[in-house]
Amino acid sequence: MAEPGMGRMKMLDDLAARQTFDLDLRDEEWTEFAIAQGWSDGLPLVIPTEKAVERFLSVAGEVREPWAPISPRQVLPTPESLAANAVMAGCRPSDFPVVLAALRAVLQPDFNLHGMLATTHPCGIVIIVSGPIRTRLGIACGSNCFGQGWRANLTIGRALNLILRNIGGARPGEMDNATQGTPAKITFCFGENEEQSPWEPYGVRRGFARDTSLVSCMASEGPHNINDHGSNSAEGIVKMLAEAISQPGTNTIYAKGPFAVVLGPEHAATLHRDGWSVEMIQQALYQGARVHISRIGADNRRHYEQNVQHFPVDDHYTMAPSPADIHVLVAGGAGKHSAWVPSFGYTQMCSAAIDP
Amino acid sequence: MRSWVIVTETFRGLVMAQAKARKVEPRLLVVRHPVGGLSPDELSERIDTAFGRLKEEIGRG
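Sequences listed follow chains A and B, in order.
In terms of this note's numbering, the first sequence opens at residue 1 and continues consecutively.
In terms of this note's numbering, the second sequence opens at residue 1 and continues consecutively.
In short, the hints are calculated from the structure, not lab data.
Misleading hints may appear alongside valid ones.
Computed Cβ-Cβ distance ranges for the label pairs, DEER-style [stated by the list, open to error]: (1) Gly149/A to Pro34/B: 33 to 43 Å; (2) Ala298/A to Ser44/B: 40 to 50 Å; (3) Asp48/B to Asp24/A: 33 to 43 Å; (4) Ala36/A to Met16/B: 16 to 26 Å; (5) Gln283/A to Thr8/B: 39 to 49 Å.
Examples of chain A residues lying across from chain B (beta carbon under 7 Å, computed) [what the hints assert, rightly or not]: (6) Thr78; (7) Arg171; (8) Pro172; (9) Met175; (10) Thr179.
Each residue gets a CB set at the ideal place from its N, CA and C atoms; glycine is no exception.
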């Protein structure tokens, strides 16, 4: 943790050159100062003292460089600038490697960081953590995993967004032009519930070894709940999922992008009991989650077809380009709920291993 | 080859910020916001405005 009260702080100027400020501020003065500088997401920040930044860097080991420039300002980060933002977010030093992995994931070209930060669409970044680091850091993957109460979940996601804000320059009303935005722009990070997944963990299905920890990131809206207390069969659950996902006003239909389905463990258990594999779920959702042309007005149909070349098949618009673009995983605790996480559309799920 | 960017007044700030990040100075043709969701007559006004300004700019050489 940063030293309270005062100290030398490492912050960076617009060109991400190394620059330190000598400030003598009390905690409450620091908060006002930091907000006035535009460094905050609106919540108080931890003081990024030189000592705290050094501690984060020492725990993270070698912070691999060169980094790609961070959109939208296209600024190259320094290790100190990254650590300072993780400190300010409230991370522990041990969380920092997860933040760095998430940054590596969103800097992959397929993620389309520049587009998601400048768009009017309300997308944040979902960070899904897989592998043994979940238990080591206490990353929630069970009950209320999307919600409050989990320091690692909340601060890791917040740190990534502060990096994009303070180094990348994605400030609302300037570079970030979301019409309404989303709470997911502040933080949206959780662990997959590998222990209660009846299938191979999502991280393994992403091509990583079982003992490798990783993050998978996608430009996404927040989670949309899907309640199904009534179904006692896989077919019933899949039908409910498909119908709930078939929404005309989403970016996935507009931009033909991916989405995630985060199954609660009880829904997953029923699906598995009835012999369903992940591939069968993907195929069934690809076939079943569609929007009939009668639910789309003439202007929008013309728009879909002329502007984004999305044409109906058998009088239906698909919600994902292919079954493989439907990311199925398990998270959460007891109860008959699952979640749909629609994407920005112009994005892909991108994964990166967590070092060390 | 010269080029111009057509932008609505609302998104002018974003375009300029993006351009600054890339160290370019775009030539802008600014029209009223919005462009989407307009009637054909309203959209024609935007097109006429942009086209008129483009002709002026080209005329200046």
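Tell me the numbers of any earlier hints that the structure contravenes, in ascending order.
2, 3, 6, 7, 8, 10
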